[in-house]
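The sequence shown begins at 1 in UniProt numbering and counts up by one.
Among these hints, one or two may not hold up.
[Claimed, not checked] Computed spacing ranges between beta-carbons, pair by pair: (1) G35 x Q68: 43 to 51 Å; (2) L65 x L44: 25 to 33 Å; (3) D39 x G70: 33 to 41 Å; (4) Q47 x L69: 38 to 46 Å; (5) L69 x D39: 43 to 51 Å; (6) Q68 x E45: 29 to 37 Å; (7) G35 x E66: 28 to 36 Å; (8) G35 x G70: 49 to 57 Å; (9) G35 x V55: 25 to 33 Å; (10) R67 x D42: 35 to 43 Å.
Just so you know, the hints here were simulated from the structure itself, not pulled from any lab data. Quick caveat: nothing in here was measured; it's all calculated off a predicted structure. Glycine included, every Cβ here is placed at the ideal spot set by N, Cα and C.
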Amino acid sequence: MYPYRQQGTGGILIPIPLPGGGQQYPGYPGGGGGGGFNDRLDRLERQFQRLDRRVDRLERQVERLERQLGYYNQ
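Throw the hints in and build the complete structure from the sequences for me.
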């Protein structure tokens, strides 16, 4: 149904109820709700990328502080 979305899921689409999602369950792949599932997935992917960048920034900040304090990662 959404072949470009199914890496790592074994081809099983599981509706993920999220707060603020509006309707209860978007309906299994059929029904009118497949698009809602994709929107949710897009939102989660963007959130994941945002958090990933944040972690990278924090790690660089920690390394900078460690260098200033004389700690070195060996």
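Which numbered hints does this structure break?
3, 4 and 7
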